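Visitor: Now for the letters of each chain:
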Amino acid sequence: MTQKGLFNKINGNFKNKDIVSLRQFDTKSIYKLFKVTKKMADIAKHAKSSNILKGNIVTLLFYEPSSRTFGSFAAAAKQLSGHTIEIINPTDFSSVSKGETFEDTIRVFEAYCDLIVLRHPEKGAAQKAAEIAKFVPVINAGDGIGEHPTQALLDLYTIYQKFGKLNNLTGLFAGDLLNGRTVKSLLRGLSLFSNNIAYLLSPKQLKLSREDFDDFKKSGLKLIEIENKKDIPKNANFWYWTRTQKERFKNKKNYEEVKNKFIVTKKVLQDFGNKDMILMHPLPRVGEILPEVDGDKRAVYLTSEIRNGMYIRMALLSLVLGKIK
Amino acid sequence: MTQKGLFNKINGNFKNKDIVSLRQFDTKSIYKLFKVTKKMADIAKHAKSSNILKGNIVTLLFYEPSSRTFGSFAAAAKQLSGHTIEIINPTDFSSVSKGETFEDTIRVFEAYCDLIVLRHPEKGAAQKAAEIAKFVPVINAGDGIGEHPTQALLDLYTIYQKFGKLNNLTGLFAGDLLNGRTVKSLLRGLSLFSNNIAYLLSPKQLKLSREDFDDFKKSGLKLIEIENKKDIPKNANFWYWTRTQKERFKNKKNYEEVKNKFIVTKKVLQDFGNKDMILMHPLPRVGEILPEVDGDKRAVYLTSEIRNGMYIRMALLSLVLGKIK
Amino acid sequence: MTQKGLFNKINGNFKNKDIVSLRQFDTKSIYKLFKVTKKMADIAKHAKSSNILKGNIVTLLFYEPSSRTFGSFAAAAKQLSGHTIEIINPTDFSSVSKGETFEDTIRVFEAYCDLIVLRHPEKGAAQKAAEIAKFVPVINAGDGIGEHPTQALLDLYTIYQKFGKLNNLTGLFAGDLLNGRTVKSLLRGLSLFSNNIAYLLSPKQLKLSREDFDDFKKSGLKLIEIENKKDIPKNANFWYWTRTQKERFKNKKNYEEVKNKFIVTKKVLQDFGNKDMILMHPLPRVGEILPEVDGDKRAVYLTSEIRNGMYIRMALLSLVLGKIK
Chain R
1 MTQKGLFNKI NGNFKNKDIV SLRQFDTKSI YKLFKVTKKM ADIAKHAKSS
51 NILKGNIVTL LFYEPSSRTF GSFAAAAKQL SGHTIEIINP TDFSSVSKGE
101 TFEDTIRVFE AYCDLIVLRH PEKGAAQKAA EIAKFVPVIN AGDGIGEHPT
151 QALLDLYTIY QKFGKLNNLT GLFAGDLLNG RTVKSLLRGL SLFSNNIAYL
201 LSPKQLKLSR EDFDDFKKSG LKLIEIENKK DIPKNANFWY WTRTQKERFK
251 NKKNYEEVKN KFIVTKKVLQ DFGNKDMILM HPLPRVGEIL PEVDGDKRAV
301 YLTSEIRNGM YIRMALLSLV LGKIK
Chain Y
1 MTQKGLFNKI NGNFKNKDIV SLRQFDTKSI YKLFKVTKKM ADIAKHAKSS
51 NILKGNIVTL LFYEPSSRTF GSFAAAAKQL SGHTIEIINP TDFSSVSKGE
101 TFEDTIRVFE AYCDLIVLRH PEKGAAQKAA EIAKFVPVIN AGDGIGEHPT
151 QALLDLYTIY QKFGKLNNLT GLFAGDLLNG RTVKSLLRGL SLFSNNIAYL
201 LSPKQLKLSR EDFDDFKKSG LKLIEIENKK DIPKNANFWY WTRTQKERFK
251 NKKNYEEVKN KFIVTKKVLQ DFGNKDMILM HPLPRVGEIL PEVDGDKRAV
301 YLTSEIRNGM YIRMALLSLV LGKIK
Chain X
1 MTQKGLFNKI NGNFKNKDIV SLRQFDTKSI YKLFKVTKKM ADIAKHAKSS
51 NILKGNIVTL LFYEPSSRTF GSFAAAAKQL SGHTIEIINP TDFSSVSKGE
101 TFEDTIRVFE AYCDLIVLRH PEKGAAQKAA EIAKFVPVIN AGDGIGEHPT
151 QALLDLYTIY QKFGKLNNLT GLFAGDLLNG RTVKSLLRGL SLFSNNIAYL
201 LSPKQLKLSR EDFDDFKKSG LKLIEIENKK DIPKNANFWY WTRTQKERFK
251 NKKNYEEVKN KFIVTKKVLQ DFGNKDMILM HPLPRVGEIL PEVDGDKRAV
301 YLTSEIRNGM YIRMALLSLV LGKIK
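Protein chains in written order, with this note's numbering: chain R, 1 to 325; chain Y, 1 to 325; chain X, 1 to 325.
Hint data in this document are derived by calculation from the structure and do not stem from the laboratory.
Among the hints, erroneous ones may be present.
[To be verified] Here are the simulated EDC-like pairs of lysine to aspartate or glutamate, each with C-alpha atoms no more than 20 Å apart in a straight line:
| no. | chain 1 | residue 1 | chain 2 | residue 2 |
| --- | --- | --- | --- | --- |
| 1 | Y | Lys297 | X | Glu103 |
| 2 | R | Lys266 | Y | Glu103 |
| 3 | Y | Lys134 | R | Asp294 |
| 4 | X | Lys325 | X | Asp42 |
| 5 | X | Lys261 | X | Glu288 |
| 6 | X | Lys54 | Y | Asp42 |
| 7 | R | Lys297 | Y | Glu103 |
| 8 | R | Lys134 | X | Asp294 |
| 9 | Y | Lys275 | Y | Asp231 |
All of these numbers come straight from a predicted model, not from anything done at the bench.
Assemble the whole structure, with the sequences as input and the hints as a guide.
Guide: Below, the structure is given as structure tokens:
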């Protein structure tokens, strides 16, 4: 084992890098990742038996359960014949409950494996783990209100897959833009590319914060806040729909008022959508897109978004472990 | 991926079929399954390293824990070099606890794998999952008071293995015949074949329901209700013993009265059994067969029944995934 | 499957033996194990893809969670391409919660696999499981206040790896020597070899019991009780440091008094250690070795001890399953 590089920019070279934040990525690295992701999709679709990760052990260390992300990483490793060590809720396990520190737990598990995938409820945990682990890279599978970079990357890839580009795009972001971790990560991703426009549709209480708004604007992304579905641009390439959580509203009357304005129905899609767009959602959804829409071929949240999540993770595991260049 | 066929009769062709109920099986399909099961037993016994499921991913989605069925399916997949994604109690996982529907969960997991094995506490859940899953087949690993088809199949196979046939057999069913899911499934299986006789021995409170009794009778199975061990036929090929659960009795005095009548001891086996029979139990047992009987070579509940469960599941996985014809 | 040999002495032949206690080992068996362990280290370090356990299924049956031991055994099996069936907290699972006995659970799981690794909170559980299992060997992964033989073996191996021998060594044992399961196992291991000296440093309340003291003395180990760090021998080959648990003290004032005397700091290591020693700890630690010491090259508790644990388990699995002679 050789000491790994510290957490840093990817610059087109993923080998032994920690994947903690979308901030590590430049456009070149994203395109490289997507090229490998496309290969992975081919492997998975044709059910070729791939040995790319044969002999590699990936620890899935989940301090909070997340069936979708867990299943996606597990499937990604196994599609490539990699092994997994699966630890869910280690705080219920004896060592941690006896008072073992996060540091010691990370040090112990890095001795058993080639890579750690970490899910943690606290912002900053992935960065911390990346600094602690001396020999193996760490991939962030979501750290609380922090980041969830593989979710943002699969969203970007889904758009890229449909339109063959990541610039000159117009997107609609709807729902809770104040708290939504995935919204902000995707906006950050789009801001790396030129001439993108994001329409922002949300209840007043859940608008993008002034700070975030200014940040993204500075980075070159064109942001347009709208208040009504009628203002959705007819030429949007994608809608990125998210939950408006009841618990975010102090005044429940306000919630009831806005709730129905933020539901996608067949009629909404027909009245305000266009033929070539895609309808995305980071899941889980709890009613904000009606099941009647699921069968529409523009609805990709239960189809290509899910599959792309697995392909992106297959690509990241292979690149970070140095099995693909 | 190609769209799978809808849940339906097997008719000798298992590929891409959901396995939800024993009602899907005819005698031809059962014999075909058993032929493959025998091959699987050979593979497992000789510890040959089989690659039949190499490259396949099976999701074990268990909405309630069941160590035996879970272990059996996991072992079945791994005996053939298949991979598993293991999700136990997804309702504790964040997506589902955030309110994700059963539909969305099934759609998500089918994107990660080639086949879903579902355990669920609610009757009808397996059928529902089979209808939701668009691309991958679903195998029912028990849905509440509904069905548990692989248990019934392993019971049938155990009888078939011993006697080389599934017709012209005489069996004794004892214990709780009113509520026992496995009893009814096995009776259904036997009713597909000709000239079988089932003696039914149970407390009055736990007799087979009139409806079930008439149903099985109509299908050609000969049913004989008895009230005393003395009436057990001397030529029974098998005894299928089950638990009489205390909680089924409103009157605890009644329970105490019948309890001891339904315990298999060495003496009971000697007085009322015969040399060539087998003694079966679907497990778990909690006292209704005494450990002193375990060493008897007729007792198969902890030996061939358990192993046959794994072989049946190996066969089903291989057939449904189209790896064996 | 052939019936396995009963639990007994190893005498240089591990195949099909249960590994329940360090008492089964003689020096010859330990040296043989260490020779194989060294090979395993080479396999793991060079990330060669080994197929030594290909086709084998190992059940990890953990009646209490232990992330480190669980992860170590899982990694050991997977490093050698073995499969695992992972059952954590089976008492929450339906069969066991319905009242299934420990006997039946062991009989069921041995039908699915080639070897059972058992973790259990009750002393004697591993021995019991070894007696129940008729066909597959059982490895003890810790049974309450009983034994944890693979921990003792990894400790011995860590010392052997450093000094190339297991005799003529001087060690310091510090902390809770009354209750520490690992301390006593390691002392037992050292007592098999000649001319070893153990210095024992502990609070009065946590001294080695008179019974243990006399036992080890009889077996040829030289024991020297000391009360002060100043009495630590300058030529110690290793320090084996353990936790002094607050809950062991009836009088909390006594605890506060002794607590600080049993913390390893940089200064303590500088004042009382020597250049060639190693500093060991069975983990988890909760403050008794300060993190400032972790970077010292003599500190092996987060490095070679952890890795050696995986190598020892790789070796044991291979030997017991008869894949290496």
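Visitor: Hints first: check each against the structure and report whether it holds.
Guide: For each hint, the structure was consulted:
1. Distance check on the hinted pair: lysine 297 of chain Y and glutamate 103 of chain X sit about 18 Å apart at the alpha-carbon level, within 20 Å; holds.
2. Of the pairs offered as hints, the one joining lysine 266 of chain R and glutamate 103 of chain Y holds, with about 19 Å between alpha carbons and a cut-off of 20 Å not exceeded.
3. Using a Cα cut-off of 20 Å, the hinted pair lysine 134 of chain Y and aspartate 294 of chain R holds, with the two alpha carbons roughly 12 Å apart.
4. A C-alpha spacing of about 17 Å is found between lysine 325 of chain X and aspartate 42 of chain X, which places the hinted pair at or below 20 Å, so the restraint holds.
5. Annotation: proposed proximity of lysine 261 of chain X to glutamate 288 of chain X holds, straight-line Cα distance about 9 Å (limit 20 Å).
6. Only pairs whose Cα atoms come within 20 Å are accepted, and lysine 54 of chain X paired with aspartate 42 of chain Y is accepted, the gap being roughly 17 Å.
7. Of the supplied pair hints, the one linking lysine 297 of chain R and glutamate 103 of chain Y holds, its CA atoms being roughly 18 Å apart against a limit of 20 Å.
8. Between lysine 134 of chain R and aspartate 294 of chain X, the direct Cα distance comes to roughly 12 Å. Compliance with the 20 Å bound is thereby established for this hinted pair.
9. Simply put, lysine 275 of chain Y and aspartate 231 of chain Y have alpha-carbon atoms about 17 Å apart, close enough for the 20 Å limit, and the pair holds.
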